[in-house]
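Colleague: Sequence:
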Amino acid sequence: MEIKRTNSESVDFKNLVKDLDAYLAVTDGDEHSFYSQYNKLDKIKHVVVIYEDNVALGCGAIKEYDANTVEIKRMYTTPKSRGKGVATLILSELEKWAAELLYKKCILETGNKQLEAIALYKKNKYTIIPNYGQYIGVENSFCFEKKVS
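Numbering (numbering that gives the first Met the number 0), first residue to last: 0 to 148.
To be clear, the hints were calculated from the coordinates, so they are not data collected in a lab. Incorrect hints may have been included.
[Stated by the list, open to error] Computed cross-link-like contacts, EDC-like style, restricted to lysine to aspartate or glutamate with a CA-CA straight-line distance of at most 20 Å:
1) Lys42 with Asp20
2) Lys44 with Glu92
3) Lys42 with Asp11
[As the list claims (entries may be wrong)] Simulated restraints, written as ranges between beta carbons of each label pair:
4) Ala98 with Thr26: 27 to 35 Å
5) Asp52 with Lys146: 33 to 41 Å
6) Lys44 with Ala24: 23 to 31 Å
7) Lys146 with Val54: 30 to 38 Å
Glycine included, C-beta positions come from ideal geometry on N, C-alpha and C.
With the hints as constraints, model all of the structure from the sequences given.
Modeller: Dropping the structure here:
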């Protein structure tokens with residue numbers, strides 16, 4: 000597998016995000032419009048796309064939250080690529096990139112219906128934290144963090 004660092008202008012990233020949004024529209028149900036307002040691509044400058052044989056398998060991004068923290072955004076793996084370690088590879092590369100940019104921790108939010116995502120973050124040593132920012136008081140959100148170095 001090939002790891003590519005890029006930005007939100009990547010055509011492959013945009014196509015993967017379209018698939019992600021279609022998937023989330025189903026799984027999030029009535030809450031989808033609330034969550035989608037926080038998933039715009041215009042402020043995302045750091046994107047990772049994983050390829051195998053020139054086919055994009057998955058993506059993820061980091062976006063500055065504050066001077067010490069990045070938020071992990073737009074994590075997605077195509078259905079055919081799941082269970083092959085693609086998401087862990089994306090997450091690891093995003094953490095490495097965050098550390099290179101001198102951030103101290105990564106935070107993220109996922110929905111309580113995203114059982115695979117919750118398992119992924121726990122497996123990769125993310126810990127549940129109180130909901131932050133726009134997710135405060137949102138019962139369907141789980142927030143996580145991990146220190147990076």
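Colleague: Could you run down the list of hints and mark each one as holding or not?
Modeller: Structure-based check of each hint:
no. : hint                          : verdict
1   : Lys42 with Asp20              : holds (17 Å)
2   : Lys44 with Glu92              : holds (15 Å)
3   : Lys42 with Asp11              : holds (17 Å)
4   : Ala98 with Thr26: 27 to 35 Å  : holds (31 Å)
5   : Asp52 with Lys146: 33 to 41 Å : holds (35 Å)
6   : Lys44 with Ala24: 23 to 31 Å  : holds (26 Å)
7   : Lys146 with Val54: 30 to 38 Å : holds (33 Å)
The earlier numbered hints are all upheld by this structure, with none contradicted.
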